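Chemist: Spelled out, the chains give:
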Amino acid sequence: MAATVTLGVIGSDAHVVGITILEQALSAAGFEVHNLGVQTSQEEFAESAATHDADAVLVSSLYGHAEQDCRGFHETLTEAGVDAVTYIGGNLAVGQNDFEETRRTFRDMGFDRVFDSETSPEEAIRALEMDCAHSERDTERVTA
Amino acid sequence: MAATVTLGVIGSDAHVVGITILEQALSAAGFEVHNLGVQTSQEEFAESAATHDADAVLVSSLYGHAEQDCRGFHETLTEAGVDAVTYIGGNLAVGQNDFEETRRTFRDMGFDRVFDSETSPEEAIRALEMDCAHSERDTERVTA
Amino acid sequence: MLRDERIPAEQLRRIDGDVRGNWPTGQAVDFEEAVEFHESLPASKRFADVLENADRPLLQPRAGVARLEEQISLLEHLQNEGQADLLPTTIDSYTRDNQYEKAQTGLEEARETGKAALNGFPAVNHGVERCRELVDALDAPIEVRHGTPDARLLAAITFAGGFQSFEGGPISYNIPYCKENSLADTIEHWQFVDRLAGAYTERGITINREPFGPLTGTLVPPSIAIAVMLVEGKLAATQGVRSLTLGYGQVGNLVQDVAALRALKKLGNEYLNDDVTVTTVFHEWMGGFPPDEARANGVIGLGGTTAAIAQPDKVITKSPQEFQGVPTKEANAAGLRTTRQMLDMVREQAINLEGVDEEQELIERTAMELVDTVERHGDGDVALGVVDAFASGALDVPFAPSDAAMGAVLPARDDDGRVRIFEFAELDVSDDVKEIHGNFLDERARTEGRKRSFKMVADDVDAISDGRLIGRPNAGGNSRSGDDPGAPNGGESRAD
Amino acid sequence: MLRDERIPAEQLRRIDGDVRGNWPTGQAVDFEEAVEFHESLPASKRFADVLENADRPLLQPRAGVARLEEQISLLEHLQNEGQADLLPTTIDSYTRDNQYEKAQTGLEEARETGKAALNGFPAVNHGVERCRELVDALDAPIEVRHGTPDARLLAAITFAGGFQSFEGGPISYNIPYCKENSLADTIEHWQFVDRLAGAYTERGITINREPFGPLTGTLVPPSIAIAVMLVEGKLAATQGVRSLTLGYGQVGNLVQDVAALRALKKLGNEYLNDDVTVTTVFHEWMGGFPPDEARANGVIGLGGTTAAIAQPDKVITKSPQEFQGVPTKEANAAGLRTTRQMLDMVREQAINLEGVDEEQELIERTAMELVDTVERHGDGDVALGVVDAFASGALDVPFAPSDAAMGAVLPARDDDGRVRIFEFAELDVSDDVKEIHGNFLDERARTEGRKRSFKMVADDVDAISDGRLIGRPNAGGNSRSGDDPGAPNGGESRAD
Ligand code: B12
Ligand code: B12
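Chains as they are written, first to last, in my numbering: chain U, 4 to 147; chain H, 4 to 147; chain D, 511 to 1006; chain V, 511 to 1006.
This is chain U alone, in the form it adopts within the complex (with noise of 0.2 Å):
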């Protein structure tokens, strides 16, 4: 499975420390990892997707701030000819949220999968391989 992952810290979010750790482990799970790093705009993740045909595309954003960061997120996505699985974790609202109310708000936004800061790299792979062994190319998306 070399299904292809583009990975990144959106808007001025600089938390680089998790998507180091996440990007060391899809590596050695054997994914082809394109890390963009920190502060990364929307046009940055789909121009790197478009490039790369990537399978997923994984946001990351802890500072609270994901909401404003990722509206129309999507549409450029659509707009660049990507069509992957995508996923957003971290800390995704400011302050003491509800994760479920959270969770909603970015599947509404079209995030096929939403995840906690508890998430371990592991949690990422074992749904990266279920969602990309499935899609193995535009075949049905995931609704989880």
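In case anyone wonders, no lab produced these hints; they're calculated from the structure.
Be a bit skeptical, because a hint or two may be false.
Stretches of chain D that chain H covers, calculated by requiring three or more beta carbons in the stretch to come under 8 Å of a beta carbon on chain H [as the list claims (entries may be wrong)]:
{"no.": "1", "segment": "596-610"}
{"no.": "2", "segment": "688-695"}
{"no.": "3", "segment": "825-839"}
{"no.": "4", "segment": "877-888"}
{"no.": "5", "segment": "959-973"}
Some chain V residues near chain D, calculated using beta-carbon distances under 10 Å [said to hold, decoys possible]:
{"no.": "6", "residue": "Glu803"}
{"no.": "7", "residue": "Gly808"}
{"no.": "8", "residue": "Ala843"}
Predicted model, so just to flag it, every value in this text is computed and none were measured.
Just so it is clear, CB atoms sit at the ideal spot from N, CA and C, and this is done for glycine as well.
Starting from the structure of chain U, add chains H, D and V with the ligands where the hints point.
Modeler: Using the frame of chain U, we list chains H, D and V with the ligands on its own:
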């Protein structure tokens, strides 16, 4: 003001530190203190208060059985001919109770004042000075 | 006559018969059948084995409620959410007083109303079978924790009920816990308990015994606590106890606490026979807690740090709700996890504190002087010596409510926060030791520009609940009279 | 050209004019009038005086919300219920990016919906007058805390707004906080900030400056953090800053943390001119926290213990909700009180840890080697040296997101839990130092029976949030994949 105070820990309760501190503080403030120590029965309270013609009876309870231990306490005092203001203080209920509820319970049982375990000796002294000046033998009974 | 000698088999049987007649549930006890029950328990429930073979300090909370189902779910919570290594069952105060009728009333009230009418689990009233249901329901070993001067029936029932560890002792569950019980009686009663533990032990069922080290929990000088532990350990060993966990309650000064735990371990091993396995238990601060959960977490954290450095075999944790009353199970589990986090972050670090050796030496010397005094008072017999030494004040415990002790000795902290003896009264220690303590306290008095007085003791008693270690005058801080942020309720005089 | 030289008066005025044009609120800044405002403030709000004259470590939380009224009541809570000695105002992320329009949108959204649309206080958008309302409303001094690479307008407005302390610096607010800003630009921008602080200082209004010591907060080796602090301190002093608080983030090993704080203080005083008053600030653990408030309290407790032993001038506290997101004001105050309790119980104790001197010596030697490298890279000019040393990796910070740093150096804990350097990459330290680190890490690798690898680094990054200090393999514990009791919510893959 040489008001006379009967002091003790009721029931099977052996928490002695609080009344030791209280005894010292009350004595230093000029009260005549009769400290019955821990594990004092209702009868012992009544007897001491009657013998010394106490102005105030101070009951301490820390271990959580105060309600059971104090059932009939005021009847016992009356039978022995004791007419003194009665205070109770300490950890008066088992567990994390709302103190206002606890206070009501002990007020209803006849205690003139009910103190929580954050009470400093100074607060007890202030209350005694007020109540014993008031009463100065059998005048009116505080109803605070 | 009272002597530190093993109770003969026949006398043991006679007392056992008498004791079991004190409450109907006593009849269900059958030693042989009980041994079989213990043999059927998995290795993970053998208290002594689990404790003695652990490679790190094990954590144990305190917890007891009236009803069995409630006690099971409470302990399940502490096991699963608190990750307790060892479990407790704390007994209610009526049972401690052998007032089984009152305990029965409380238990029935609890069953009917669901309210907390008892401050612990009335194991005697529950009886053997229900104790076994409890032991069966949990994965970890469970200890009986109480404070009962005459715990003979409690021991008979709980040992038969499958518990393999039992807290207390003739001094440590008399002097701090009651007023009128004579020490001679309590020693006899505990000789029975220890002999019963010994009888199980001889049949291959090791019953772990744990003298209660913190005593009154209030500024107890380490040397006094340790002397009591050694003497109680000796009395238990005579009766055949082979697994002894000696206890010590945190005083809050890191160097002194580490030194005391080391002294306890060392003297325990030296003083007790080689056939006794000695382990140690550290109790997180047993004195008055701050009336604020956030501050209480600071106190618990210091307990965890101390445990990580001193590495006792077991730690008894406190909850952030200690001040207020019996904690919720969530708060109890939180105290466990706060301690665990601290312990696991610190215990792999090599932390060597300067001054531990000197402090340990002073503690050991003083403790041995007190043990010697006990032996002298009994002409070589520890049982007699204990009674006599306490009666004369040669051995004494601060804030002891018991008439059996003089309760005249008074502690105070020195300028570094170590607990020293301020008033020796009749305590039989050498002039040399007295001078050392005196000098330390003079130093503090100078710093504070005040004379040594009871006020200093009272200030020290309140200090930790007021947010500091040493009760300095005018230190401001969070004194009871101030308006503490965490205060759940004002006192009456404020409220009126 | 970039040089470590004081900005001439005329240039300062020109830049000031430009900068103030970047957002309408900039126009309200008037230096002379601002000096008058500062002069009108009571002594209790003079940040540098309060900090430099304290007789014990002062406590300060982090806190910032969008709206002024909310910020006032948040800080009142931390002052009254948390008993904070010093107050913060944390700035939102858009302002840090100089995206004042976005901050404006967020502020308006917050005003309309009451929702937390910004993660901090947009001081630029609020402007001078509203900043002063904040300063007037509180009793304690307030510091601006942010993370802004180009903080010129923020400084102009907040200094005029009455704030007398300002966190950050050209390295510490670039390397950990952003990707594309060049170091040369950030240094120029901070020369302006520091010069402005210097200008106030010359008029008798000391502006305290606080380089951000924790950097990426993630296992930063003390020598690296200290080298950065010294260099930033030097750059600030050149511009006329006279009150410097050098920072350090807890790594969790007591001996190493105490040694590091001592090294920081000592080298700070040695390296900076005598006319600069150097104080130190200790940040409670800045890395990933446990997802459980009870465990988080253990981490905070260890911070308090460390502070009590090392006695820095200031402590920045964490809250038990650190893991989850911006804390409620109650949790923030609780973190302060837990820290305070620990600090006040321990700080009067004489605690001397063995091994501090050796560790301090190693830290000082390595830090000085790194400072020397910076000076060499700049041919004696620190400003140039910083740019060059980072570009070449001669100076580097682990997990640095910034393109200006190599970010190739990797830390790992040794067998005692001290942070060592696992991968030096181009870091310019002597072979001798490399060998020492290598030996320590080999020792750990042997203990664990595994090779040194990135997995070790990753395990160490997670260790404290998993409930321990060292990321040992198969340590069980509370790993993220396990089911943690404090877990507020399972990850998606579990929930689905
Ligand atoms: C270290 C840290 C910092 C460092 C970051 C250094 C760096 N450049 O990386 C510094 C000090 C610079 C910093 C700055 C700030 N921080 Co910060 N920071 C943290 C902290 C303590 C740890 C984060 C971390 O590294 N964790 C360890 C890694 C391994 O875990 P992780 O990042 O959570 O990632 C894992 C999972 O979340 C998951 N994951 C993450 N992303 C994704 C994506 C997908 C698709 C999947 C499947 C999984 C996944 O997998 C990762 C690996 O296991 C957290 C609090 C905490 N968690 O304890 C706050 C925290 C994230 N920071 C916070 C804030 C507010 C800030 C600041 C805005 C303000 C400030 N305090 O100064 C600035 C932001 C600056 C900016 N422009 O981004 C808040 C966010 C608030 C919120 N969301 O409500 C937090 C929660 C702290 C708090 N309680 O207030 N921070
Ligand atoms: C020390 C202590 C002990 C020592 C007591 C030693 C002794 N003989 O004194 C030991 C370890 C032996 C002990 C035993 C027990 N304890 Co205890 N103990 C405490 C502790 C930690 C401190 C009490 C103390 O000394 N405080 C310091 C003194 C100065 O303060 P104080 O007693 O509160 O008194 C002040 C005020 O309350 C007030 N005051 C008190 N009485 C009165 C009366 C009046 C009229 C007035 C005006 C004021 C007033 O003024 C005093 C001076 O400022 C408290 C928890 C806490 N508070 O932190 C638990 C606590 C009181 N104990 C408790 C319990 C349950 C027990 C046990 C039943 C079970 C057990 N845990 O082993 C046994 C009881 C044995 C028995 N028969 O009594 C519970 C009570 C639960 C409840 N009410 O819901 C508590 C709250 C702990 C807990 N959270 O579970 N305990």
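Chemist: Evaluate each hint against the coordinates.
Modeler: So, going through the hints one by one against the coordinates:
1. 596-610: holds (count 5)
2. 688-695: holds (count 3)
3. 825-839: Our answer is that it holds, as 7 residues pass the Cβ test (under 8 Å) against chain H, meeting three.
4. 877-888: Violated, because only 0 residues of the segment 877-888 of chain D bring their Cβ atoms closer than 8 Å to Cβ atoms of chain H.
5. 959-973: Check passed, 4 qualifying residues.
6. Glu803: Holds. Min distance 7 Å.
7. Gly808: V/Gly808 check passes; min Cβ-Cβ to chain D is 3 Å, inside 10 Å.
8. Ala843: holds, 7 Å
Hint check: a violation occurs at hint 4 only; the rest are consistent with the structure.
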